[in-house]
Structure formats: C-alpha cells, structure tokens
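*Asks:* Sequence:
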Amino acid sequence: WEVIKESVPKNIQFGDAVISNKHANFFINKNNASYKDMKMLIDFVKEKVKSKTGVNLDLEIILVE
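Numbering follows the numbering used here, with no gaps: position 24 of the sequence shown is 6.
Any given hint could be a false lead.
Stated by the list, open to error - Ranges between beta-carbon positions, derived for each pair:
1. N14 with T35: 30 to 38 Å
2. G36 with N13: 29 to 37 Å
3. N(-7) with S33: 16 to 24 Å
4. N13 with T35: 28 to 36 Å
5. S2 with D40: 12 to 20 Å
6. N(-7) with K18: 13 to 21 Å
7. E29 with F8: 17 to 25 Å
8. K21 with N(-7): 17 to 25 Å
9. L45 with N14: 14 to 22 Å
10. D25 with K(-8): 15 to 23 Å
11. T35 with N(-7): 17 to 25 Å
12. K(-13) with K12: 15 to 23 Å
Worth flagging that the hints you see were computed from the coordinates, not collected in a lab. Even glycine gets a Cβ: it sits at the ideal position worked out from N, Cα and C.
Construct all of the structure, not just a fragment, from the sequences and the given hints.
*Replies:* Written as structure tokens, this is what we have:
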C-alpha cells in the first residue's frame, strides 16, 4: 500500500473505478465501473509504481474477463 500511495495521484479514477481512501491496496467500483475501467486502473497503478520505485506489483486475484 505504501508504494501505491507514494506513486499514484490520490484522486485517480477510471470511470467509476477508484482507489480506496481508507487503504491503497483496495480498488473500488463506486457504482458502474466496467471490467475495462478496473483493468485500466490496475494497469495504471502497476505502471506508476514500477516507474517510480522499480517494484513490480503482482495481483493477488485472478482477473476473469
């Protein structure tokens, strides 16, 4: 959560897909986020963390399209 919090703008949003204000490890569907919205948020976060810290984030979930 710390590398996400340090690397990604606080209010980043793709459609209704957002990062939780309570904990940066949690991504939230505010209302109507599509698979594409959530995937774009995940990919954006992974890219920003990698470019800023050199850390490769791994998902703890399996994405099903």
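*Asks:* With respect to the beta-carbon atoms only, verify the hint that L45 and N14 lie 14 to 22 Å apart.
*Replies:* 18 Å, holds
*Asks:* Between G36 and N13, does the beta-carbon spacing fit 29 to 37 Å?
*Replies:* Since the Cβ atoms of G36 and N13 sit about 35 Å apart, the hinted range of 29 to 37 Å holds.
*Asks:* K21 and N(-7), beta-carbon distance inside 17 to 25 Å?
*Replies:* 19 Å, holds
*Asks:* Evaluate the given range 13 to 21 Å for the C-beta pair formed by N(-7) and K18.
*Replies:* 20 Å, holds
*Asks:* Could you check the hint for me, namely that N13 and T35 are 28 to 36 Å apart, CB to CB?
*Replies:* 31 Å, holds
*Asks:* Tell me if the beta carbons of D25 and K(-8) are separated by a distance inside 15 to 23 Å.
*Replies:* 18 Å, holds
*Asks:* Can the suggested window of 12 to 20 Å be confirmed for the beta-carbon pair S2 and D40?
*Replies:* Because 19 Å falls inside the window, the suggested range holds.
*Asks:* Cβ-Cβ distance between T35 and N(-7): within 17 to 25 Å?
*Replies:* Since the Cβ atoms of T35 and N(-7) sit about 20 Å apart, the hinted range of 17 to 25 Å holds.
*Asks:* Assuming the hint says 17 to 25 Å, is it satisfied by the Cβ distance from E29 to F8 or not?
*Replies:* 19 Å, holds
*Asks:* Given a hint of 16 to 24 Å, does the C-beta separation of N(-7) and S33 actually sit inside it?
*Replies:* At roughly 19 Å between Cβ atoms, S33 and N(-7) fall inside 16 to 24 Å, so the hint holds.
*Asks:* Taking 30 to 38 Å as the hint, is the beta-carbon distance of N14 and T35 inside that range?
*Replies:* 32 Å, holds
*Asks:* Cβ-Cβ distance between K(-13) and K12: within 15 to 23 Å?
*Replies:* With Cβ atoms ~19 Å apart, the hint holds.
Hint compliance for this structure: every hint is met.
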